[in-house]
Each structure stands twice: as structure tokens, then as C-alpha cells.
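All chains should be built: construct the whole structure from the sequences, respecting the hints.
As you go down the protein sequences, you meet chains A and B in turn. Quick note: the first sequence uses our numbering, first residue 1, plus one each step. Quick note: the second sequence uses our numbering, first residue 1001, plus one each step.
The hints are simulated quantities; they were obtained by calculation from the structure and are not laboratory data. Watch out, some of these pointers could steer you wrong.
[Claimed, not checked] Covered stretches of chain A, going by a simulated chain B footprint (3 or more residues, C-beta under 8 Å): (1) 7-19; (2) 41-54; (3) 66-80; (4) 94-100; (5) 114-122.
[As the list claims (entries may be wrong)] Partial list, computed: chain B residues near chain A (C-beta under 8 Å): (6) L1003; (7) T1044; (8) F1083; (9) E1120; (10) L1128.
For each residue, glycine too, the CB sits at the ideal point set by N, CA and C.
2 protein chains.
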Amino acid sequence: MLLRDLGEREVIKRLINILEVEEYEDSASFDNYVISCDAVVKRTHIPREMSAYQIGKFLVNANLSDIASMGAEPKFFLTSMCFPRDTEMEFVEEIARGIRDTCLKYGVKFLGGDTKEACEIVLVGIALGYSEKPLKRGGARVGDYICVTGSIGSAAAGFYALVNEIPGYEKFVKRALEPEARVKEGIILGKHASSCIDITDGLAYSIGEIAKRSNVGALIYFDRIPYDRDIEKIADICNVSLEKILLYKGGDYELLFTASKEEIENIRDEFKKINSELYIIGEIREKNFGIKIKKDKKIIDLNTSGYEAFRDFT
Amino acid sequence: MLLRDLGEREVIKRLINILEVEEYEDSASFDNYVISCDAVVKRTHIPREMSAYQIGKFLVNANLSDIASMGAEPKFFLTSMCFPRDTEMEFVEEIARGIRDTCLKYGVKFLGGDTKEACEIVLVGIALGYSEKPLKRGGARVGDYICVTGSIGSAAAGFYALVNEIPGYEKFVKRALEPEARVKEGIILGKHASSCIDITDGLAYSIGEIAKRSNVGALIYFDRIPYDRDIEKIADICNVSLEKILLYKGGDYELLFTASKEEIENIRDEFKKINSELYIIGEIREKNFGIKIKKDKKIIDLNTSGYEAFRDFT
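Structural data, given as C-alpha cells:
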């Protein structure tokens, strides 16, 4: 059986079985630390419009987003980078500058790494953070609110603008090519939220993850999902539904989290101090309710399947 | 300028410069931990005779050898693995079994990881270990002895036997395809040695690394290098010099270390308890002595340049 016939999730299920690990995720915890490792593969993860500097920035942010989603404070970063031998040194140096500046920005110390030769560019980032009690995907409780840290769909809109060469939407393109991890928000959520995940794989998939891991149901209110109204213009031009952009495309580095009513107020207060906001988009329900979305006054099942590597096409 | 025109070491020099890090190595330390990340690329690192199970074993051992060379006790392991979508699931599962069994063998906990799609197999292993004071390459002092933990050249002999299809040397082939990290020895060396490195990149290169980082010279006695006499037969058949096999080919997972005369005795005593031995092959000299080797009663300069990715061919 080939990986393409099984799809990413079945592959991971079988790996978990053999490796006798509870979860096989981008991130894990040990002692008072969390660690994330996330590979960026040129061909499948990096749009050709992304500059080398932006690739370096992206590599760090992708990992810091994993650390943030565990409610931890990022501290250290390493890389294992593979390049073909006909790569331009200037390109590699620009990636390094992107890595350096992003580490500096977040007060993360670059520790070192490994450089190898391969037939395509594969960059693995490894981030380490502190947390005595890491936030998990599986901690949501019935009655909790479901929230996001910012507006959704901007990165996806940026990709549509890029692919279809629609001018005038630089704000979205920037969100697609230079996503920024919610580092400060993650540290606050670590103290108050009941569960957390980043939504880079799409909002619907992430809601499904929280609900399944927490063994609960969820109701999302489509009209409460915060988004930039200009996304509707992109949707129109590209003949794609707003729903697809907001729920399924992913690419945003916002955090999806759950918290009790009381903790929501604590989070809101602490977010204010860092000029950040939270948006309540739904609530956790009993498991037998299922995972649903209310849209145009109708409550329907939410498709939470998401993108699958090895099988789907990017 | 392309990476192939610069070679691995110049590439790394430039990366160090940008990333403002003291060393850009496979391993680094933070708080009371050491961490190593080491990528295994199918095309350049894995002989086609290596089974999937052996690849998994190799990935863990390569990283545990880095942890051992820092005198640390390995504790945790993660992977970031990339596969083409037409990879057989059974192949991936066998790699996972190799990883699992090797982690179990050394009491290392597998924490999780990341799986992505790429055009070739790239496996990054990440190992974490405990050490309050990690051993460095740069700690050798004038008067220290230079030692190795076992016989040299067996892995290289195994590769020659494989490539030239010479039957009857399974003991060497096993050393090439299933190298075992000197985990227990590393923990002992952490308490007594002044510097340490593994010799997977070749004995001569590793001696050069210790000497250069420690700002000292070195004298190696060729006839004290321990090796299996059958290597001479392989050298004969393949028309390659014994010197090349012992000094330059690499692939052995032995540790090269330095220690004072007194500490040598402590190490020897502790090694005995784990049925291990040490072999004194030279001594640290003043820097202006250079890095030399005594062979056939002549003292000559030792070529410590080693293999360079991006430029040399494997």
C-alpha cells in the first residue's frame, strides 16, 4: 500500500501505533518544556512569490505558532536544512537573515543546526519553549466558549490574489507570505484557556481537532467569524465561496482556543494590555450534538476533514 | 555563487556569521540539556543495502552518537520525516519499528514528530539529553592523551565489501549498516574527558576538529590505532590503502576523546564496568607543533580536511 492510497491521517495513525506514542503531532512536551518540529518543503509549502528572507521568517513563525498553541513561551530555535548543491549562496544567506531577525524579534536564541545536501529544499525548524503545564487540544469542556485571536481568511485571500494575479490586495498577500505567530497571546492563553490549536490547516479542521480530542461537540456561528470585508471581493473575482476561504483554506497563524466564561474575561483583560483582541465564534456542546455550524439561520454539520498530505493536491 | 562552488564548510562559516551563533553544529546545549538534530537523506546517506528497519535504527543512533559525544545521557527523541507519496507504507512502518526498538534499547522516550511530503526521503532526528556541563570539542589541553572507544575502520571496510560485493565479511557489513552509538561510554566521558567528538566523518577530520577548536596541536601514532586485521584483506582486494580506511573514510560510531593521565585511569575503570575499553592513539601537543601523524618511523602532517557536502561526491 502506498502513502498516496492511505492519506496523511491513516499514515500517522499507523505510525502512532508502532511508535507507542499518545499523539504524533508537530509539538510535544517534556519536563517543563515544549518542543515543536515542523518541516517546510519548498515544492509543497512555499509559494514561488515568497522571498528567501520570507521563507526564513516563515520557518520560525510556523514553529513559534506551534509553541504558542501550547501556551508556552518560546526560548530556543534550531534548524536542519537541506539544499540542492546548485542553490545560490545568497538565497541561503537570505533565509538565514530571515531566521535571525525573527528569532531576535521574539527574544528566541538561535542554538545551531545541521546542513545537508538533498534534491529539494527541505527546512526543518525546531523550537523549544517553557511551560509548566502545556495547553492541549483535548482540554475543552462543555459550556466553554470557542474563540479566535484575529480575523480569519486573510492569508487564503492573499493566496487567491497571488495565484490569480489580482492587484491591490497587498494587505492579504503580506498575510500569506509573512504570517506572524501569536506568541504573546499564546503565553496568556497558557494561563487561562482550556484548549488551543493554531488554524494553519483551516478553521474547520482545527475546530474538529479540538472537539474530537476533547470528546465534545461544538457549535460555530458563521456570522461571528471575524474577517476583512474585502475578502468578499476576492471571493467574487475568483468565483470561490466566502465559506471556503474562511473555513477551509487555512494559512492564517491565528489561534483557536476554548475557555470558560470567567476565563474569557481574564484573557480579554490581558489581551488588552498587548493591544490584542479575542473573538467568540461558538461554544462547546455535548459530544452527541456533533460538530455543527449555524449559517443563514440553519444549523448544519461542519466538514472538518481538512487537507491531507500524500493524497490531496496543494 | 552556488553552494557547490563554496563547499560545506564555507557555507557553514557564512551561516554562522549571519546567525550570530558560536558554532553551527549538529548539537547544542541549553539550560541542563543538550539537543542534536541530524538529517539523513536517502540519496546521499543511505546505502541501498540498508533495510528500512536499519534506516530507523541508523537515524536514532546517528543522533544518540551526537548526544554521547557531548557526554550527555539521552532522554527524548523526535522525528521530522519527509516521504514521496509513492512510498510503500510497509517501508515507513519498518523505519518506525527501527526507531521504536532503538529508543527502547537506550531508554529514550519517543515524543512525536512531523510527517511531510517531499520528492525524496529526508529524515530528521532530534535527540535530547541531560548534562549539566556538556563536553565540547574545544576542551583539549596540552599533555592530554587522545583516545578512541573502539576499533576503527570496520564500517568503512563494510562499505567496501558491499560496493565491491566481497562475500564473507558480514561482521564489517553489519558495522556499516547498523552502527551503534557509544551511549554508555559518552555518559562516563561526560564526567572525566576534556573534549570529545564522534568519528563518523573520519578519524583524521575529527582529530583536526578537536585540535582546531581547542587551539592545540596533536600527534597521532598510526600503529596504535586499533583495527580488525581482516581490514587489511579488504584493503588488498579493493586496492585501497589501510591509511585511507582507518583515517579518512569514516562511518564508525566510535568516540574520539581527550583526557588527562589521571582521568584516563578513571575512565578505564568505569569502562571496565560496562565491558568497554579505551585505546590511547596519541597526545595533545602545543599548537605550533601542528597536527601530525607518526607512521613507519616518520612524522608527517595529517590531512584533516574531510568530506565536504555540496562539493564532494559520496
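These are the hints, each one checked on the structure:
1. Closer than 8 Å: that is the beta-carbon criterion, and the stretch 7-19 of chain A has 7 residues meeting it against chain B, so the requirement of 3 holds.
2. Here the stretch 41-54 of chain A counts 4 residues with a CB under 8 Å from a CB of chain B, which clears the bar of 3, and the coverage holds.
3. Against chain B, the stretch 66-80 of chain A contributes 5 residues with a C-beta closer than 8 Å to a partner C-beta. That satisfies the three-residue criterion, and the hint holds.
4. Counting residues of the stretch 94-100 of chain A whose C-beta lies closer than 8 Å to any C-beta of chain B gives 4; at least three are required, and the coverage claim holds.
5. Given as covered by chain B, the stretch 114-122 of chain A passes the check, having 8 residues with a CB less than 8 Å from a CB of that chain where 3 are the minimum.
6. Interface restraint check for B/L1003: the shortest CB-CB distance to chain A comes to about 5 Å, inside 8 Å, so the restraint holds.
7. Restraint check, B/T1044 versus chain A: the minimum CB separation of about 6 Å is within 8 Å; hint holds.
8. Because the beta carbon of B/F1083 sits about 6 Å from the nearest beta carbon in chain A, less than 8 Å, this interface hint is met.
9. With 8 Å as the threshold, the beta carbon of B/E1120 comes within range of chain A, its nearest partner Cβ sitting at about 5 Å, so the hint holds.
10. The criterion of a C-beta within 8 Å of any C-beta in chain A is met by B/L1128, whose closest approach is roughly 7 Å, and the hint holds.
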